[in-house]
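J.: Residues per chain are reported as follows:
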Amino acid sequence: MRLTLEFGGGLDLLCQSVKIHHVDVTPNVENGKLTLRDLLSWVRTSLIKERPEMFMKGDSVRPGILVLVNDCDWELCGGHDTELEEKDVVVFISTLHGG
Amino acid sequence: MEEGKRAVSRLCSICSQRRPALKRPKTLEQICRECFYAVFEEEIHRVIMENHLFKAGERIAVAASGGKDSTVLAYVLSELNRRHDYGLDLFLLSVDEGITGYRDDSLETVKRNEIQYGLPLKVVSYKDLYGWTMDEIVKVIGLKNNCTFCGVFRRQALDRGAALLKVDKLVTGHNADDMAETVLLNILRGDIARLSRCTFIMTGEDGPIPRCKPFKYTYEKEIDKYAYFKKLDYFSTECIYSPNAYRGFAREFIKDLERIRPQAILDIIRSGEDFRISSSTRMPDQGTCERCGYISSQKLCKACVLLEGLNRGLPKLGISRAREAINGSEKLDKSGRLPKAEAERPILQSKPCGNLEF
Chain A
1 MRLTLEFGGG
11 LDLLCQSVKI
21 HHVDVTPNVE
31 NGKLTLRDLL
41 SWVRTSLIKE
51 RPEMFMKGDS
61 VRPGILVLVN
71 DCDWELCGGH
81 DTELEEKDVV
91 VFISTLHGG
Chain B
100 MEEGKRAVSR
110 LCSICSQRRP
120 ALKRPKTLEQ
130 ICRECFYAVF
140 EEEIHRVIME
150 NHLFKAGERI
160 AVAASGGKDS
170 TVLAYVLSEL
180 NRRHDYGLDL
190 FLLSVDEGIT
200 GYRDDSLETV
210 KRNEIQYGLP
220 LKVVSYKDLY
230 GWTMDEIVKV
240 IGLKNNCTFC
250 GVFRRQALDR
260 GAALLKVDKL
270 VTGHNADDMA
280 ETVLLNILRG
290 DIARLSRCTF
300 IMTGEDGPIP
310 RCKPFKYTYE
320 KEIDKYAYFK
330 KLDYFSTECI
340 YSPNAYRGFA
350 REFIKDLERI
360 RPQAILDIIR
370 SGEDFRISSS
380 TRMPDQGTCE
390 RCGYISSQKL
400 CKACVLLEGL
410 NRGLPKLGIS
420 RAREAINGSE
430 KLDKSGRLPK
440 AEAERPILQS
450 KPCGNLEF
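Protein sequences, first through last, are from chains A and B. Going by the working numbering, the first sequence opens with residue 1, and the numbers climb by one from there. Going by the working numbering, the second sequence opens with residue 100, and the numbers climb by one from there.
Bound conformation, chain A alone (with noise of 0.2 Å):
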């Protein structure tokens, strides 16, 4: 599934100071969709190269870093249960710094 992935506020550079990437993620084998919990861990191992600390705690986005799919806050989407589909903007905004 062809996905544009965009990091901002700081989070590029974990991943080599690139603010946005065009990737292309296997969907689960078993019933050909991808949630937004999927995309994470595939983020982690493949795009994050350093201090994965700062993007993930535990299974999820640590907090403080927002997720909009689509232009849309993801808690209203269903958070990580959310679907995604061919084409989708996926954006991980940090807000962990100062004012």
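Bear in mind the hints are in silico, worked out from the structure with no lab data behind them. Hints may be right or wrong, so weigh each one.
[Said to hold, decoys possible] Derived pair list, reagent style DSSO-like, types lysine-lysine, alpha-carbon separation capped at 27 Å: (1) K122(B) - K57(A); (2) K154(B) - K87(A); (3) K210(B) - K19(A); (4) K19(A) - K330(B); (5) K154(B) - K265(B); (6) K122(B) - K19(A); (7) K221(B) - K329(B); (8) K125(B) - K57(A); (9) K330(B) - K87(A); (10) K329(B) - K87(A); (11) K329(B) - K19(A); (12) K154(B) - K57(A); (13) K221(B) - K122(B); (14) K122(B) - K33(A).
[As the list claims (entries may be wrong)] Okay, the calculated bits of chain B under chain A, using three or more residues with CB under 8 Å as the criterion: (15) 116-128; (16) 318-328.
Built from N, CA and C at the ideal position, the CB exists for glycine as well.
Once you have looked at the hints, place chain B on chain A.
T.: Frame of chain A; chain B shown alone:
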């Protein structure tokens, strides 16, 4: 549930017209962008009104670091000033601590904000005020306790800048999360004096420059979402020296709490507001610093003590207890001064001290 996808079949719970774009962190309502902007801005307006933060005709400096909180603050304040006719004269005030790779970049952002929001900008620097940049300080003291120096110096720097701008008040972008963290930190440290003051929305009214926090009840998550959806221009990197700050622990805890029960943030602030100190607890008296006149509960204010330490090559002065701070057997007397013999010794590494007179 059919496909369990973006089942946003509901409409915005406020206007019932548009599609929701986010779940409001404070109330968990599903609302659209426009309604979010409206409730966000109007709540801040209510806080300003109910707490009588401003008077018409006042000159107000917005402490601006280029980060999301201060950018949103400058944006919303100037918007509300227009919309509700506060009659305020707004300025941007920024502090240059001299942190390469962090502050110089964020200052560029504030300069852009000056143009974008049409608010005149003033920058004050540690170098000019104290003769030391944070980079130089860290070289001397190492990576622990930097935030103590920076925080103390910045507080004074803001007051100096505000005095130069001849403003009546200073506003900072401290938000509800910051407030809750501070309450917890003061409990963890047993700092009763600070605990009793830290939830005030306005402080320093008896001093030269009162300062207030319009975002006191505003969730950081909401500020983030506002800045994102409005596409505001802000700088977002962690200060390179901050990972060792004690506040990080309180922050982590608050963020985890928020996930389980968002209301906890406001409840912690409420607890802080409702604390009553036992009448038998001794509280420090507030006076003024003998050297520079700044507000202080000791004979010398913290900034003067820290600066003295830096200039004498005694970086632990003001950080550690007296005996550890100075090599040898000299002790500081109760007022924080060195005994006469030591005070007359030639200064090792002196740098010209900025004029701290108030």
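J.: Keeping to a limit of 27 Å between CA atoms, is the pair of K122(B) and K19(A) held or broken?
T.: This hinted pair holds, its Cα atoms lying about 25 Å apart.
J.: Is the Cα-Cα distance between K154(B) and K57(A) 27 Å or less?
T.: violated, 46 Å
J.: Check whether the Cα positions of K330(B) and K87(A) lie no farther apart than 27 Å.
T.: holds, 22 Å
J.: Going straight from one Cα to the other, do K122(B) and K33(A) come out at no more than 27 Å?
T.: holds, 25 Å
J.: Can the segment 318-328 of chain B be counted as covered by chain A under the rule of three residues or more with Cβ-Cβ separation shorter than 8 Å?
T.: Coverage by chain A holds here, the residue count being 6 at a Cβ distance below 8 Å.
J.: Does the alpha-carbon distance linking K125(B) and K57(A) stay inside the 27 Å limit?
T.: The hint holds at about 22 Å.
J.: Going straight from one Cα to the other, do K329(B) and K87(A) come out at no more than 27 Å?
T.: holds, 24 Å
J.: Given the hinted pair K210(B) and K19(A), is their Cα-Cα distance within 27 Å?
T.: holds, 24 Å
J.: With a cut-off of 8 Å between beta carbons, are at least three residues of the segment 116-128 of chain B near chain A?
T.: holds (count 4)
J.: What's the verdict on K154(B) and K265(B), does the C-alpha distance respect the 27 Å limit or exceed it?
T.: Within the cut-off at roughly 16 Å; holds.
J.: Given the proposed pairing of K122(B) with K57(A), does the C-alpha separation stay at or below 27 Å?
T.: It holds: about 22 Å lies between the C-alpha atoms, which stays within 27 Å.
J.: Does K19(A) pair with K330(B) here, judged by a C-alpha cut-off of 27 Å?
T.: Holds, because 16 Å separates the two Cα atoms, which is no more than 27 Å.
In the structure shown, a violation is registered for the earlier hints numbered 2, 12 and 13, in ascending order.
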